[in-house]
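> Below are the chains, spelled out letter by letter.
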Amino acid sequence: MLIQAFNLCKRYENDITALDDITLSINRGEFVFLTGQSGAGKSTLIRLFFREELPSSGYLLISGRNVARLSGRERVNLRRNIGMVFQDFRLLERGTVFDNVAFAMKAVERPWVEIKRKVPEIVKRVGLAGRERELVTRLSGGEQQRVAVARATVNNPLILFADEPTGDLDPDTSRDLMRLFAEINAAGTTIVMATHDRDTVNEMQRRVIALQNGRVISDTMGGWTL
Amino acid sequence: MKLSSFRYIVPEAFRSMRRNAFTTFAAVATVMITLFLCAIFWLLGQNLDANAAAVESSVELAVYLEKDVPAARVAELREQLLGLEGVASLTFIGKEEALERMNEKFGSLYYVLGDANPLMDGFSLFAEAPEHIAPLAEQIAALPDVQMVRGNDGTVESLFAFTSALRKADFALMCLLGLAAVVLISMSIRITVFTRQKEVMVMKWLGSSNWFIRWPFVLEGVFIGVLGAVMAAAACFYIYSAVGKYLLQNDLTFILFLNVRQVWLPVALFMLGTGVIMGCLGSALSLRRFLNV
Ligand SMILES: Nc1ncnc2c1ncn2[C@@H]1O[C@H](COP(=O)(O)OP(=O)(O)OP(=O)(O)O)[C@@H](O)[C@H]1O
Ligand SMILES: [Mg+2]
Chain A
1 MLIQAFNLCK RYENDITALD DITLSINRGE FVFLTGQSGA GKSTLIRLFF
51 REELPSSGYL LISGRNVARL SGRERVNLRR NIGMVFQDFR LLERGTVFDN
101 VAFAMKAVER PWVEIKRKVP EIVKRVGLAG RERELVTRLS GGEQQRVAVA
151 RATVNNPLIL FADEPTGDLD PDTSRDLMRL FAEINAAGTT IVMATHDRDT
201 VNEMQRRVIA LQNGRVISDT MGGWTL
Chain B
1001 MKLSSFRYIV PEAFRSMRRN AFTTFAAVAT VMITLFLCAI FWLLGQNLDA
1051 NAAAVESSVE LAVYLEKDVP AARVAELREQ LLGLEGVASL TFIGKEEALE
1101 RMNEKFGSLY YVLGDANPLM DGFSLFAEAP EHIAPLAEQI AALPDVQMVR
1151 GNDGTVESLF AFTSALRKAD FALMCLLGLA AVVLISMSIR ITVFTRQKEV
1201 MVMKWLGSSN WFIRWPFVLE GVFIGVLGAV MAAAACFYIY SAVGKYLLQN
1251 DLTFILFLNV RQVWLPVALF MLGTGVIMGC LGSALSLRRF LNV
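Heads up: the protein sequence lines correspond to chains A and B, in order.
For reference, each letter of the first sequence is one residue, going 1 to 226 in this note's numbering.
For reference, each letter of the second sequence is one residue, going 1001 to 1293 in this note's numbering.
In isolation and in its complexed conformation, chain B is listed as follows (with noise of 0.2 Å):
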């Protein structure tokens, strides 16, 4: 076969689009919708890994005391906790200044609370390090009038293992509904194998080779492919952006939220390597037994 030769392959492989419009829409619709909600997953995924991440890395420790501690228990306790190996600093914070700082951060969320505040007097102790958190936080919650201590607890672990579970299922999603592209791909091409099937007998008897032949049905998989890819890409990060312009726009800020500059290169080439193979297994799968001079 001539590489120039796919100045009559391109053009058959859209022609032969054209004819059988209805299924090659619902061939593309498929690769489509699997490779949109593959990504959606996928770009979930990271955020919250980005978030577990950034708590697990934070160096913050919020140690509650008991109600109603004396100042001058306060004051001891404050010299202990500065006593404690990777300990860098170290505020006291009344209870009012915290119902302050959550109304600050969550907005509205408190104004439920009304009067009453069931917050506590406490420190907000910054480590030196990350690793100086899980000690610190276990021997500074065995000290007398100190009630809990929050900071990298086991939702951090938690999260991740969400988000392992999440990969999972997006793993098992994009294996079901790809399949479910991949015989819509072949099925179409199956059909258009069937509308050209005397045209393809005289190619033999005229001497074409078997890849001249066969190449118009591959391309059109990959074609398929392609564009449910790009529609896909297209659709995802158009939706992707939105919601980080929400985000912002409703000073919802304490959720990291990725830029889609920073994620969109590996999606893009995985929905547009994902499509291309899925085409071509559909042209595969019709073209096997199929097309033997």
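Looking at chain A on its own, in the form it has when it is part of the complex (with noise of 0.2 Å):
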């Protein structure tokens, strides 16, 4: 199991609690999308996943570790091995495509001839070949989104996971990207995607896990099921 979670709860100080005894498991090598109205707590879950939040209780395991009890280098080793697409993309505004992603790689410290030769690899992957040089403020919101789909995926991460990626995209577009995921997923890559987007769901036809109240209301393979 690359995922499991154990009664998993996250209360904010408001009394609000997201998160209400999630217990799950994750493959690895599985395409998931966690669907649910907005406010059930699907974000929630990912920060929890991605460790930018810890639980208030209950446990998470990722790769059999729990991730609250990481010394500072294992959670650098666990950033590592995961892939992050946000809503929002958070990329570099001053910087080029080339340096979005060339980012990602001297982040984690990889040698200058490997980036010069990878990246623009990764960018021909996600349909961006010959745009290096362009500044991402330049490009449309689904370029952005691509750029940013890139820069999680350059190190080759275990797990990528994406919340609402195409959640400001046109049909067209946001079919791309299912693909260039679905193209990720069969090169070994878990996946855990946030969504709303019904269409998309049931064109897939992967794994549903879908939230309401910050609880899990149903667990299947195939299309959208609230």
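Hints in this document: simulated from the structure, not taken from any laboratory.
One thing to keep in mind: the hints can contain errors.
[Unchecked claim] Rough simulated footprint, nothing fancy, chain B against chain A, three-plus residues with beta-carbon under 8 Å:
#1 63-77
#2 97-106
#3 109-120
Even for Gly, the Cβ is constructed at its ideal location relative to N, Cα and C.
Using the supplied hints, reconstruct the complex from the two chains, each of which is provided in its own coordinate frame.
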């Protein structure tokens, strides 16, 4: 098991229970959708998986390790094995496409020769070939999304988390992105994607975990279940 | 963290310094002023010490006689002085000759005296060793017809006391200005931290190690310290050599002035070391509560 959650709860100071007793496990190589209405707790669960926040109670194991008990070095290692696509991209606004993707490799101290070789490869893979020198602020939302995906996957992560990556995309563009995700998944990366995009979920026919008020209400293979 | 990662770290530090050039400049200037003043005080103290030591180690004693001592009595005194223990040689200096010497030494300073000669007849006495000076001075001062004895007297002690006070003042000054410099460096780095906050957050999410994130900020502090030190050293030694040249050109050679080549190394090392330490302290101060993944 790659990800195992036991009775995860997350409560915020204002007495809001964002997650309530979540128990689930995700295997290596799976492609999982987290669905649910706005406020269901999808983003919160991803934040816990990504260890941006810690659970109020319960345990979360990734590769068999309790993420709440990692040392600084282990935390760094965990992050290096996780790719994250944020809903708001969080790109370097002053940088070009190349800068943004290279940044992910610099951040984990890859040698420069490798960066020069690999960045154009991955940029091509997300369909932005030849546009490395363009400033990301000049790109459309969908194109920026692709840069964010390129950045999240350039270091070949074990797991890719994506929080509503198709949120602002038109149907065609989001279909392209899903094709890319399927490719990345086929290459061995486990993908967990939060979304409330019914069409995308129905098209993909993968495992769907539905949340409601912070609880898992269904966990099935196939399409949208609400 | 890998050593080869400095390829990414060093340019980042320079980029930050350029990005907030104004605060960087203020921090560099403060470091420079601090180190410059400290070095000048230090060099001044060293020269005063050297002068005092030269006086202390001198074996010369000037014996001044009362007014109008008859020649026979002078001859008698001469025999008496030669008989004392530790006296190596003795020369009689008449008051005319004494005035001439003064004029030679201080130039126009004594023209103001005109024809009046305030000086006295006396002896110039050389002892065999510096330690004979004090007992000799005491014995000679007690002799009749001797007005006073000048030489290695209290002036040396007070000079040493002065230089030691100077050192303390220098130290206090350094602490005070050094503190200001450290605060300015840390302010400059804090601004960098602030402007790079988003970038640093993303680096953490991407799995950067703590030290890989911290190093550019540390280096920024160190560069500011080193830059300030180098500028201070350049200014300080330039001025020091200029003063030396001035003294030489104006025949003020009775002042013992140490050559730059004799003094520069410890002072320069001190400046560089202090610059680096101030830089590190400045970065440590602004990174203390910051940058834990
Ligand atoms: N930092 C926080 N402090 C307090 N409450 C929070 C915080 N983050 C989330 N919540 C609350 O937790 C609940 C779940 O939020 P979450 O962002 O996980 O929902 P979501 O399923 O991602 O919704 P959406 O589809 O709108 O993104 C919401 O009621 C939200 O108000
Ligand atoms: Mg959300």
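> If a hint holds in the structure, say so; if it doesn't, say that too.
Hint check results:
Look at the region 63-77 of chain A against chain B: 5 of its residues bring a Cβ nearer than 8 Å to a Cβ of that chain, three or more, so the hint holds. With 3 residues carrying a beta carbon less than 8 Å from a beta carbon of chain B, the region 97-106 of chain A meets the three-residue requirement, and the given coverage holds. Chain B is given as covering the region 109-120 of chain A, and this holds because 3 residues of the stretch bring a CB closer than 8 Å to a CB of that chain, at least three being needed.
Taken one by one, the earlier hints all hold for this structure without exception.
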